[in-house]
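Chains as they are written, first to last, in my numbering: chain A, 1 to 369; chain B, 1 to 369.
Source of the hints: derived by calculation from the structure; they are not laboratory data. Values in this document were obtained by computation on a predicted structure and should not be read as measured data. Any given hint could turn out to be false.
Copies of one chain are not kept apart here, so a pair can be met inside one copy or by any two copies together.
Said to hold, decoys possible - Here are the computed lysine-lysine pairs in the PhoX-like style, where the Cα-Cα straight-line distance is at most 25 Å: (1) Lys348 with Lys297; (2) Lys171 with Lys297; (3) Lys236 with Lys297.
Protein chains: 2
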Amino acid sequence: MSDALKHKKSVSRRDLLVGSAVGSASVLSAPALMAQGAVTEWKLVTSWPKNLPGPGVTAQRIADQVALLSGGAFKIRLFAAGELVPALGVFDAVSNGTADMAHTASFFWQGKIPASVYFTAVPFGLLPHEHISWIEQGGGQALWDELYAPFGIKPVMAGNTGVQMGGWYKKPLQGLDDLRGLKIRMPGLGGEVMRRLGAAPAGLPPGELFQALQTGVLDATEFLGPWSDRAMGFQKAARYYYSPGFHEPNGTGEALFNQAAYDALPTEFQAILIEACRAENGRALAESDWENAGSLKLLQQKDGVEVLTYPEDILEALRVTTGEVLLDTSRQDPMSNRIYQSHQAALKRLSAWSDIAMRRFLSARDGFV
Amino acid sequence: MSDALKHKKSVSRRDLLVGSAVGSASVLSAPALMAQGAVTEWKLVTSWPKNLPGPGVTAQRIADQVALLSGGAFKIRLFAAGELVPALGVFDAVSNGTADMAHTASFFWQGKIPASVYFTAVPFGLLPHEHISWIEQGGGQALWDELYAPFGIKPVMAGNTGVQMGGWYKKPLQGLDDLRGLKIRMPGLGGEVMRRLGAAPAGLPPGELFQALQTGVLDATEFLGPWSDRAMGFQKAARYYYSPGFHEPNGTGEALFNQAAYDALPTEFQAILIEACRAENGRALAESDWENAGSLKLLQQKDGVEVLTYPEDILEALRVTTGEVLLDTSRQDPMSNRIYQSHQAALKRLSAWSDIAMRRFLSARDGFV
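Whole structure, please, built from the sequences with the hints as guidance.
This is the structure:
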């Protein structure tokens, strides 16, 4: 049994196995564990404040569902950002066994694993339902597993904050020239695209964004969507709210499992973990969409925010530059290239269907609502 | 214990309770049941042939997941259409306790419960992710529960076939006049819309559609999307494939539970049932989208099918007439009116967000892929 497993079970599986009559390699089933009153306890570290709307709620809900589905035999104790390890220390904590599990977002690891960004969102990439289709049907999960395997980590999708907005601007954008020198917060590949177009992307933590925007340290910032953004108060510091969120058309939450801890679970508990995360993808997206829709209305009708679309010359420059940035990332290492190729193939396949099915329907619905 | 429960458990919960020391109203927990080696067995009837791509696969997967998540303590035996009861007899079978559970689609019950159609799809209504948002966040589930309560049935969403195509036509449509006298298969409210526009909707079972289209008994037919439609062979009988699927922008599968059987389950098994169905919403949609996208390409590049959009004058007539049909359904009874009002409010709220987030992104992605 690895170090990663030593500290986490009130009755360890090893103790139970030692006491069993047969010395075979087979492990006790969940019912057998339950019969002996054993409780498996896991530590879950997250990158979010406790119950942060969206991701924080998702993390707690997954822990609650696992307890419910296992009849209390598998309990997950949640530690919010900073309680056990720092917000961005959760990957290492799961890797070295300080925690059994994390809830976070893959693009945080871009510095050490360049291609990890593909598993949150790619500029001009896949929408939420398309992203799930790539991961589950198009080979995405196998690549993600392979990418994290050297760290002893198994990743799965867990929750989704949906299609994001493009960001808050203090002045309206007339055209491409307005990006030159623009002090904007935009992480991930979108920030690099902005940089190449002459903007000055700044890396600031979420807690400092409102003040930076209000005092002029920033000219613009993106965050998530209307639900979270209104809670952050951005509408009091900037009036122009741009769409689309070209840089983040999707917002997949990431659950990380310590591989050794996961492998040691009974089959039923493995299935319960995976199914709870899968169910949360739809539940969190439904919640984000509902709340985003409600907050959008308040922003427009109560707060006087102007919701605008990026000018076409800016969008064209963003598309071209995104293509260059993605191609550059694909050349970093062979694994990045394989992930890039798989993502692009899924994008080509799924976008043709989305255009004919979903987009034509959205156009046809105009004038009905 | 109701009649509905008598025939389904290898060791009945009543036997276990009689043998327990305390005569309280509390029930044995799942771990306690497992400890005693009890297995709960349910009968699941479906409206589909065994493993029919899409819905049939979904039904089997839910049964498999329940067994896996419960460590084999809760088993569901699946009966395909006609094995225990006919395809469209599953609602009554669950209501009277012949079966514990069904997997089907709500619009089949339109004849006896007019508003049931809202829980599959509404013409010009909600897209898959919007529909889930309405059911889970916008009050849809409570209305659905109330609608089926008089029948002793609890419904939940279970799987999704995604945005549908508009249908197969033997001749291209020039304009509204071409709908007059058109012999078309289109069930649900879409069929009524077509009838009011002068078409002659015909009710034919899926197994007869190909021949009817080939021999001219039908001029046009809709079914699902490219994945299922290509398997049905429609491309050999008609060349023009229309979008959007104005009549079915969503394809929610419906799981029905006998309320008394569900209430008698331990909390853990109730949670396992619900979570397995919820997870299947995303899993089935991911599969449908992936397979639809692949089959669409084959239809266009290999089978010589022309994918067209309904002419604008037809779309405008469809919108106006759909509005009239929906208003008429809302006047059938108070419950239909409440469901109509709730659905329209959700559509207004969610479509404004979809237009700004998803639709603007789909437009901006043009020229990138």
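Each hint, compared with the structure:
no. : hint               : in the structure
1   : Lys348 with Lys297 : between (33 Å within a copy, 11 Å between copies)
2   : Lys171 with Lys297 : within (21 Å within a copy, 44 Å between copies)
3   : Lys236 with Lys297 : within (16 Å within a copy, 48 Å between copies)
Figure legend: structure checked against the earlier numbered hints; every hint is met.
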